[in-house]
Amino acid sequence: MPLDVEKFESEALVAIAEAKDRAALEEVENRLLGRKQGEFTLLMRGLSELAAPEKKSAGARLNELKGKLVEAVNQKRAALESAAWEQISETEKVDLTAPALPPRKSGHFHPSTLVQRDLENLFTSMGFAVLDGPEVESDYYNFSALNIPETHPARELQDTFYIKGHNNWVMRTHTSPMQVRAMQKYGAPLRVVVPGKCYRNEATDVRHEHTFYQFEGLVVDEGINFSHLKGVLEIVAKHLYGEKTEVRLRPKYYPFVEPGVNGEVTCFTCAGKGCRLCKNSGWLEVFGAGMVHPNVLIEGNIDPQKYTGFAFGFGLTRLVMLKYGIDDVRLLESGNMKFLEQF
Amino acid sequence: MKVSFNWLKDYVKLPDSISPEAVAEQLKLSTVEVESVENLGVQLENVVVGKILNCGPHPDADKLKVCEVDLGTEKTSIVCGGSNVAEGMLVAVAKIGAKVKWHGEGELVTLEKATIRGVESSGMICGADEIGLVWFFPKKDEKEIVDLTKLKFKPGTPLSEALKLNDAIFEIDNKSLSNRPDLWGHYGIAREVAALNSRAVVPYTVAAIKPGKGVIKVEIENAENCSRYMAVAVEGVTVGPSPVWLQQKLVAVGQRPINSVVDITNFVMLDLGQPLHAFDGKILQAESGGYAVGVRGAKPGEKFITLDEKERVLPEGALLITSSDKPVAIAGIMGGLDSGVQISTATVVFEAANFNAALIRKTSTALGLRTDASARFEKNLDPSLCEMALAKAVKLLLEISPGAKVATKIADAGTVKELKGSFEVKADFFTRKIGVKIPKKTIIEILELLGFTVKSKEVSFQIGVPSWRARDIDCPEAIVEEVLRIYGYQNIPGSLPAFSITPPEENKLRTIERRFSDILVEELSCTEVYNYSFVSAENIKNLGDDASKYLELDNPLSKERPFLRRHLLNNLLENVKRNIDNYSELRLFEIGRKFLPELSGQRARQNSDELLPREVNWLTAVFAGKKNRNFFAEARGAAEAIFRELNLELKLEVPKKLAPWLHPARSGNITVAGKYVGSIFELHPKTLKNFNLDCSVAALALNLDELIAFCGHEEKYEPIPEFPAVERDLAFVIEKQVLNTDIIREMLGQSDLLRKVELFDVYEGVNLLASKKSVAYRLTFVHPERTLTTSEVNEVVEKIKNSFESKWGVEFR
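Just so you know, the sequences run in chain order S and E. The C-terminal position of the first sequence is numbered 341 in the numbering used here, with every residue numbered one higher than the one before it. The C-terminal position of the second sequence is numbered 849 in the numbering used here, with every residue numbered one higher than the one before it.
These aren't lab readings, by the way, just hints derived from the structure by calculation. All C-beta atoms in this analysis are idealised placements derived from N, C-alpha and C, irrespective of residue type, glycine included. Mixed in with the good hints there might be a few duds.
Here are a few chain E residues that face chain S, going by a calculated C-beta distance under 7 Å [what the hints assert, rightly or not]:
{"id": "1", "residue": "D98"}
{"id": "2", "residue": "A514"}
{"id": "3", "residue": "Y523"}
{"id": "4", "residue": "G530"}
{"id": "5", "residue": "N591"}
{"id": "6", "residue": "R629"}
{"id": "7", "residue": "L632"}
{"id": "8", "residue": "E634"}
{"id": "9", "residue": "N666"}
{"id": "10", "residue": "E670"}
{"id": "11", "residue": "S810"}
{"id": "12", "residue": "A812"}
Mimicking SDA-like on lysine to any residue, the simulated pairs with C-alpha atoms at most 25 Å apart in a straight line are [claimed, not checked]:
{"id": "13", "chain 1": "S", "residue 1": "K103", "chain 2": "E", "residue 2": "A669"}
{"id": "14", "chain 1": "E", "residue 1": "K131", "chain 2": "E", "residue 2": "P174"}
{"id": "15", "chain 1": "S", "residue 1": "K183", "chain 2": "E", "residue 2": "D741"}
Whole structure, please, built from the sequences with the hints as guidance.
As C-alpha cells, this is what we get:
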C-alpha cells in the first residue's frame, strides 16, 4: 500500500471539517467517497493488488476509516443544518402585515339571505319544513281563506296590488296564504315555515317598501296551546338576540288568529333600558302571532275540534334592518354595490 | 283617538296611587296601542291665577303698566303690556321658573326675574298663546292677556287645576281599535280599565226620555243599510256656548267647542262611541205636521253640498238622510250645509242610528271624506247604543237650555235593536287552549267585569256575550282571548310542544339555491342582489321584448313599473348601469321568480279549475366590464363550476331561435338530458346601447325548477389506475371554425390508450391570420395492464398529427 493512510485520514477529516456549507460538504463527500472516482474508493480498489495477509489488515483499516469519514460527513451535515436553522429567523422573514397576493375578493350575499338562512336553519333543526308559495296569489288564499271576508276592515288595512284582467288575483300581501295551502296539501300534524317576498301598495320612503320579505311559521297538532306559541317565540328571540332576551306579547287583531298577539323582544341595543332604537320603551316589535282561527283550520280541511295550532310571522326585512342597523329600507332592493359589498 | 284620563275616572274609581302612565301601560299590554301619554298640567307648572290689585302707569313707557298682583300666598309686582289689563281682573300669572313662549313663538323659555325699562318685574301676566291655551281663550287682539275674571277662581290656584287641565291625554292608535267598536268612546275604555284593575265600571245610567206628544216619522228604504234609526225633537232650545265643564271636556281631547247642541253630540260620541247628528228641526218638518225623516240610497249622479261647503257627487247607493226625499245629510259621514244647527235654531232633532258599516266605509272612501262619525260607523257599532246616546243627549240639552222641552215621541225604526251571542264552553276549554290552568273563579270574574254573563254548569260554562261585543266575539276562542289578555299574557309561561321526530320534507329548491349561491359568492366573487318583481315598459322595450306578454298590475304604485318580470335580466342590467361607473368589473346575480301568464301555476282555490300564472324560479348572473374582456368565458366558467358541483357535464347548443337581446355568435343553450335548463350568452351590442351601457355584459341564466331534478346525481368511486399515466402537450394552429369538441373527438378516436384530452390554452390575434387560432391540449395516456413505453405514446401522437394534417391541414413543427 503506497499511500500514507494516516495522512489521507487527517487531510480528509480537515477537508470535511472545513466545508463551509452543504454544497461544499457535498463536494468533499463526492471527492472522497464518490462511487466511481472517489479518492477513498480508489484506495479500496487498490486493495486487490495486495497480497492476502496484507490485504486483510489493510482492509480492516480502510473499513474503519470509511466509518470515520461517513460519520464525520454526517456530523458535519447535521452541524451545518443546525447552523442554517439558526439563521432562518433572519433569512426567511416575511412581512406579517402584508396581505396574501394576488388579492382574492370574495363576493357578497344579500343581507336578507343571511338572516333568512339563519332562521331556516334554526327551524329545520326543530323539525319544520321550509315551504314556498306563489307570489301572485288568489284573493281566496290571500284573504277569504284567512277569515278576511270581502267587507272586512282588514282588507282596508293592507292596500293590495291587483292584477289587470284578473280581479281575483293579487300580489300576496303576506306569507300567510301558505297556511291554508299547507294545511290542504299536508294535513295535520304540520310544522312549516314560509319565507317569502310580499307586496303592498304603499308609497316607499325610509321606512316603507312596497316589496318586503316575511318569515311565517305554522304549527298544527293535537294539544297545541298558547303557552307553546310563547315557548317557540322565546326560542327564536333568544336565538336572534341572546339568552337574556325576553318576549312580551300584547293583543293585536289579525282575522286569521284568535287570540291574536303582537310580539316584542327586549331591545338588544339597550337591554331593555330604553334607547332611541326602541323609542325608549325597552321593547322592539318584531312579530305578529296567534292561535290559528278555527275558521282557517276548517278552510284547510282540518278538524278544529281535534286539532289546534299557532302561527307567527316575522318581518324578515325588519329583522335585517335591526340586525345591521340599516336606516333606509330602500337600500335593500337598490342593487347598490356600495351597500351590498358590506355584507 | 284621544282619551282623557280624568274622563275615564268618571266611570272607574281608581285610587290616586295609580298614575295615568300605569293605566296606559295596562291598556297597552291588554287592550289597545297607547302611543303616548301627554300630561296637560306639565306645561302650566308655576302658572297660577292672580288678581290685579293695582294697575299703575310705567314711569318710562306709555304702553306698559306696573301691576301689583295677588298670588294668594304672596303679592308681587309685574310689568305688563296687555291691552286689556285692568284693576280687579283675574289673570294667568307665570311665576319665576315657569316655562312660557315669548309672544307665542319659538321654544319654551324659563322665566327669570327681569328689569323692564328700570322697573323690576317678578313674573309675567300671560297671553293665551304664551301658555298654549289659545284654543281655550281665543285672542281678539295681539296684546290681549287671558281674562279669568268670569271664572271666579281663587288667586294662587294653579291654573291647570283651575281649568281642570290636570289631566293626562292618551293618544290611542286607531288601527289598534279597528276590531273593537266598543272602544271608540270613553265609557268603553273605562270598562277595560276597570276590568284591568278588578273593579266594576260605574253603570251608565240615563233616565228614559219623557216623550212629548208630537210625532217623528222615520222611513227606512232598506233595513240592511240601516238597522236602527232613533230620533226625537226638542223644542224651545236656545243655542249658545256650552257650559265650561263641557267645553273643558271637549278641549282636553282636542275637539273645538262650537255651540251647545253640536258640543252635546260630540260629547256623547266621545263618551259612548255612538255618533249623533243634530238637525235644525225646521228642515225636517213634515207637511202633515210633526217631523219626517227618510233613509235611502243616493240616485245615480245625485249631488249634495256638505257642511264643509263642498258640493259632492254621491256614489250611487250612498246612504242619505232625507227630508221629503231631499238629502239633508250623508248618513254616518257628514251633515248638509243647510240642515245643521245654527245659533238661531229653536228646534233640534237628534238622530241616533246604526248604519251598515261596509256601506259607510265604501262611501267615505269613494268621497275621500273621513270624519269622526264615519270612523266609528264603519267599525260596526252596537245598535243598542242608540237608545242610551239619544237619552244622554236629550238630558244634557234640557239641562243646558232651560226652556227646552221634548216635543215628540221617540222614533225607533229598524229591525235590529240589540245583538246577542251565547256560547257553551267546556270547563277545560280554557286550559286546553291556554296551556295553563286559570282558576275558574278568575275566569268568571274577568268575563263578568267585561260585561259577559257566565252560568256555570256541571262540566261547562254558558257564556252570554254583551250586545257591544256580539260582533267581534264570534267563536269560543275569542272568549279565551278575553280571559287571556285581562289575566295577562305576561303571566303565561312559555313551554315547548312535544313533536314526533319525523324529519321534515326537504325543500330541494332551497338546497340548490344555497349550493349555487355559495359557489357564486365564495368561489366566483359574485354579489347577490334583490330586485323588484316590477319592470317598466321602457325596460321591456330596451330589452327588445314584447310588453303584451307580461302580467300587468291593475293599480301600480308607480305608473312607470306596472309589469311583472319575465326575466331577471332586465333589472340586473339596470343594476349594472347603476354601478359600472364605480367598478371596473361587476359580477351580480339574483335568484327569484319569473311570472309567465301563458303557463299554468297553482290552483286559485282547492278543487277549482282556475289556475294562477306559472311562477318559475331562476338564477341569473351577469358579468360586466371593459369591452375587450371575454365575459362569455367567465359566465361559462360560472356554469361549469355549478355543473361540477352537480357532477353534470355542461353542454351548450346553438339556440334555434335567437331572442333579440342575445349576441348572435355568443349565445348557447344549456341542456341536460335533452332538456333546456338555461343559457349562457353575451348581450347584443344593440341591447347594451338601449340600456346605455358602454361595456361588455355576459350572463348565465339557470332554471332552478328544472335543475332540481338533476341535483341528486350519484358520484361513484373508480379504482385508482395501477399503472402510471403519461401526459403529452400538443400545440398547433388551426382554423377558428374548427370546434373544440370536434378536435377532442378526433384525438380520442385515434387510440384507446388516450384517455383524456383537455384544452388548456387558446390564443387569437397578433402574429396569427385572422381566421386562425393557436390552441394547446394536454393529452393523458393510460394502459390498463402495464406501464406505457415512450414509443407507444409517440406512435399515437404521430397518428393524431397525421390525421390533423390530412383533415384540417394543420402543420406541426
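Hints versus structure:
Below 7 Å, beta-carbon pairs count as interface contacts, and D98/E has none with chain S, the closest being about 50 Å; its hint is therefore violated. Hint status for A514/E relative to chain S: holds, with the closest Cβ pair at about 5 Å, below 7 Å. Because the smallest distance between the Cβ of Y523/E and any Cβ of chain S comes to about 11 Å, over 7 Å, the interface hint for this residue is violated. Because the beta carbon of G530/E sits about 4 Å from the nearest beta carbon in chain S, less than 7 Å, this interface hint is met.
This hint holds: N591/E has a C-beta 6 Å from the nearest C-beta of chain S, less than the 7 Å allowed. At a threshold of 7 Å, the smallest CB-CB gap from R629/E to chain S is about 6 Å, leaving the interface hint in force. Because the smallest distance between the Cβ of L632/E and any Cβ of chain S comes to about 10 Å, over 7 Å, the interface hint for this residue is violated. The closest approach between the C-beta of E634/E and any C-beta of chain S is roughly 13 Å, which is over the 7 Å cut-off, so the hint fails.
With its C-beta approaching chain S no nearer than about 19 Å, N666/E sits outside the 7 Å limit, and its interface hint is violated. Hint status for E670/E: violated, given a least beta-carbon distance of 13 Å to chain S, over 7 Å. Here the hint on S810/E is broken, as its CB sits about 26 Å from the closest CB of chain S, past 7 Å. Nearest Cβ of chain S to the Cβ of A812/E: about 23 Å, over the 7 Å cut. The hint is violated.
Distance restraint check for K103/S and A669/E: the Cα-Cα separation of roughly 19 Å lies within the 25 Å cut-off, and the hinted pair is therefore satisfied. Note on K131/E and P174/E: the hinted pairing holds, with a Cα-Cα distance of about 22 Å set against a maximum of 25 Å. Distance hint between K183/S and D741/E is fulfilled; the C-alpha atoms sit about 19 Å from each other, no more than 25 Å.
In this structure, the earlier hints numbered 1, 3, 7, 8, 9, 10, 11, 12 are contradicted, and the remaining ones agree with it.
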